[in-house]
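Chemist: Just so you know, the protein sequences line up as chains S and L, in that order. Residue numbers for the first sequence follow our numbering, beginning at 1 and rising by one. Residue numbers for the second sequence follow our numbering, beginning at 1 and rising by one.
Bear in mind the hints are in silico, worked out from the structure with no lab data behind them. One or more hints might be untrue.
Stated by the list, open to error - FRET-style restraints, in silico, Cβ to Cβ: (1) L:Ala32 - S:Pro182: 40 to 46 angstroms; (2) S:Arg130 - L:Lys42: 38 to 44 angstroms; (3) S:Glu25 - L:Ala182: 45 to 51 angstroms; (4) L:Gln40 - S:Gly63: 37 to 43 angstroms; (5) S:Glu67 - L:Ser7: 37 to 43 angstroms; (6) S:Glu195 - L:Ala277: 31 to 37 angstroms; (7) L:Pro265 - S:Gly220: 57 to 63 angstroms; (8) S:Glu195 - L:Ile287: 33 to 39 angstroms; (9) S:Glu195 - L:Arg289: 34 to 40 angstroms; (10) L:Asp237 - S:Asp65: 56 to 62 angstroms; (11) L:Ala282 - S:Gly137: 42 to 48 angstroms.
By construction, the Cβ of each residue, glycine as well, lies at the ideal position given by its N, Cα and C atoms.
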Amino acid sequence: MPGSIDRGGLFDAGAAHAWLLAVAEAVEAAGDRLTELDSAIGDGDHGANLRRGFRAVAATMDGPDPETPGELLVKAGMTLISSVGGASGPLYGSAFRAVGKALNTPQPNPGADAGQLAAALTAGLDAVRRLGAAQLGDKTIVDAWAPATDAFTAAADDGGDLARAASAAAAAAEAGALATVPLQAHKGRASYLGERSIGHQDPGATSTALLFRTLADVLGKQ
Amino acid sequence: MKKLINSPDDVVADALAGIAAAHPSLRVDVKARVITRAAQTKVGKVALVSGGGSGHEPLHGGFVGPGMLDAACPGEVFTSPVPGQMLAAALAVDGGAGVVLVVKNYTGDVLNFQMAAELAAEEGVSVETVLVDDDVAVQDSTWTAGRRGTGATLFVEKIAGAAAERGDSLAEVAALGRRVNAASRSFAVALTAVTTPAAGRPGFDLPDDEIEVGVGIHGEPGRSREKIRPAREIVADAVAAILADQPLESGEEVIAMVNGLGGTPLLELYIVFGEVASLLEARGVRIARNLVGDYVTSLDMAGVSITLCRADAELLHLWDAPVNTPGLRWGV
Chain S
1 MPGSIDRGGL FDAGAAHAWL LAVAEAVEAA GDRLTELDSA IGDGDHGANL RRGFRAVAAT
61 MDGPDPETPG ELLVKAGMTL ISSVGGASGP LYGSAFRAVG KALNTPQPNP GADAGQLAAA
121 LTAGLDAVRR LGAAQLGDKT IVDAWAPATD AFTAAADDGG DLARAASAAA AAAEAGALAT
181 VPLQAHKGRA SYLGERSIGH QDPGATSTAL LFRTLADVLG KQ
Chain L
1 MKKLINSPDD VVADALAGIA AAHPSLRVDV KARVITRAAQ TKVGKVALVS GGGSGHEPLH
61 GGFVGPGMLD AACPGEVFTS PVPGQMLAAA LAVDGGAGVV LVVKNYTGDV LNFQMAAELA
121 AEEGVSVETV LVDDDVAVQD STWTAGRRGT GATLFVEKIA GAAAERGDSL AEVAALGRRV
181 NAASRSFAVA LTAVTTPAAG RPGFDLPDDE IEVGVGIHGE PGRSREKIRP AREIVADAVA
241 AILADQPLES GEEVIAMVNG LGGTPLLELY IVFGEVASLL EARGVRIARN LVGDYVTSLD
301 MAGVSITLCR ADAELLHLWD APVNTPGLRW GV
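Isolated chain L (complex conformation) (with noise of 0.2 angstroms):
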């Protein structure tokens, strides 16, 4: 499989070189592997950090800048970061009102940003935790690791970013995280299984002519396999899925993301988001705001997530509060 990079080996710190060459409105320790606003954080302002595998992109370092997070912590492709760059990044960006982890529900993520709190709190810092796990796929039982962190994590750093910037306390912003990852639910389907640079060929075999149906972000295969149909029907099955686990009534709004995985056409995006919205419509449910691109991708993954949030008006406002990052700007 070809790949534009120099080395495996160096694929993260080559990549963070030019995220810091591209936004001088970020600093980019390349060492540490912490990226931060380059302005500091007010005084008594909530920070927001959170972080994650890399492969990713534009989440999480591309969502850091005003109206959305504070600092970001890359991991390896596909692993998570170390406890240590996450307490380097908390000790940053905290502006005295304590810190907000924001981190997707993996075992690895989960344990090393635990370490990363208990290191953090010796320090004096405060800090919260808001777990995103809204990917339906997964059954949520206590026999799995439960549900997937994957769309909503954009959700989530958006408005509770917001939530922060208008001045709301430590456990008001972590509340907030929460509301928004339980009004939110995801669900993906892959075209192609995914290459990291360090394996070199794909995760898993995928026949031509056939679909992984609720894949997980890293190329973790998903819950069926099928053979390829019309996006109409795919999207029908996503949707259901998503619907099945929480009900949305006629008169509901909601945010909908459609998000490409990292190898999919900005064409076939607006094909499924055409299929989304034309079933919410029939079922009463209005779009009040959309996003269609890439921005919690999979390397280069073929395929598609789709994030249905369920908003009110609060959620709505903070949705619509101006944020500068390079991976998501309005209002400014």
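Looking at chain S on its own, in the form it has when it is part of the complex (with noise of 0.2 angstroms):
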């Protein structure tokens, strides 16, 4: 796996790459549980259309990498637009292509530093806000990768580098994934259900937990 996230502990296009085929890796083994969640209170297609999208996105890596993460990551976000469907398809399509855009603004950055992929990652964010029109608690995606950029994004500004914000992020998006059980949904499929979909924890929310747990697993193997 050309992972090569010691070269200063940088996130560079060897790190975007391992990381996509980790997500990938990750999406395949829990598929199953991310269907049996969108059962409870979707309609049970998101562990599927997932794996269909990883798949997709591991199909397009197999020639060189580019020079950038970045434009890895915006590659990875087409693909997804381009064979998920649903909304996770739109939504964690427009999320890698607003990372991979954020991290080549102003210009071509080969490898990021904490900061600089904190503040990637929270333009993910804002990718999802805005598409989906979802706030923090409407029981979505948003309720784990919300938390996840606060927290890489205070470990960054405490000094933190990439392993230790990744591994903060991890352990917020899986606790936001978790307070999602309580929830109410607004947004969604799940919202139709109204107070019913109190109790069940959100598939959405729990693959962006998955996202960030191997981003921390990738960026601490360094």
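Fit chain to chain and form the complex, with the hints in mind.
Modeler: So, in structure tokens, the structure goes:
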């Protein structure tokens, strides 16, 4: 696996590559659990959709990596948009695209430090919020992604390296996903259930926690 | 759960191959997942494009043909199609007069069609979107994603399709589609849960003696869980829910659809229609036109949806206009 994240501890194309492949593996393993969660309050296709999407992402990464992690993430986002469908396709696709674009703004960045990745992950959150019009507490992806970016940013501001920031973000995302259990859904298909959505963990927040856990695993291996 | 499939992953592709083999009047691109009419759109005719998750057949692909849709984009089972499909469809069927996208109000459909509309506009296609949200089981509030789009989708596609065929402009076709949606209300009841090929088992547990009231067309649980009762009482509650949302006065006319969700015998659908007819007759509301059968299904779910569209002379005229599709055909 071409993970080359020990070059000064930066998030480079090799790290992005390793992250996306790790997400594909994690989604493959967790697909049934995601589908089960989605069956309770949605229509039971979240696991299958993400599997299809990240298989497609993995299939596009056979060639040599681009110069920057941003390009790789933008491409992954486009692949998700064009292969997943449902709400999670545009939402995760736009998120990855936004993270990738932010990493390469104002100029192409071959290796991001913790602060730069924190800003890019926040741009991803903004994209999800804008497209899905979801607020914190609506029982969506945002409930895991928002605390994760907060934790990532706080750790980076505190002088933490990528591994520490990602680890804090993963823990915060998992706590955020768990905290969706008592919430009533206000967005997406689960919102149709009203109060009956209470008592179930949100599948979108759960898959988001998976994204941040794999990021922490990959960045922790340096 | 037994299914007549080859593999869960191939369900949509295999079904599209079958649709192509069965209906030479359609052009089916199995790879791009776009169904269009075999004949090119007439120059100057507004084109209608719809789409949504698979599993609702004959919606939408079965409604492609003269008098109704120009193209349909099937997604994975119960999963919205992706923007590239709608873009390809719009580019294929635009006759220069623009494209109306008919979208059922689900977050996934709305987001993917929104992206497609932006891409089509960038390619120079004029696009209008008609959002269908007729299901009264779900409250329309700022705190939910809004009402679901269900049975009225067929009404919108038929009537807007007829308007496009007679030469209405893009704005007129879209306005008519929105008018049909605004005049329509639906309510559904499920007797069994739905089983998707990927999951292989029912999406929720529904005991033998219970029904899901206000169920959606993706097997998503509905408003409440109740004991099974005689059809007369269940239909009375469903019609009451519709009328509570859109009262119908004595002397008004409706187009009424009693729609099977996929696993309901036609015999039972007629029982339901009989109850709907007598309830409306008692109120002095005339059923001017009707449909009874499986039109907007939810795979193998047993259950029924009732849709009432308040009709006027123009809507009835367009409803009666010729239509020639695999799923709906008259006047030809």
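Chemist: Against which earlier hints does the structure fall short, listed by number upward?
Modeler: Nothing - there is no hint that the structure violates, so all of them hold.
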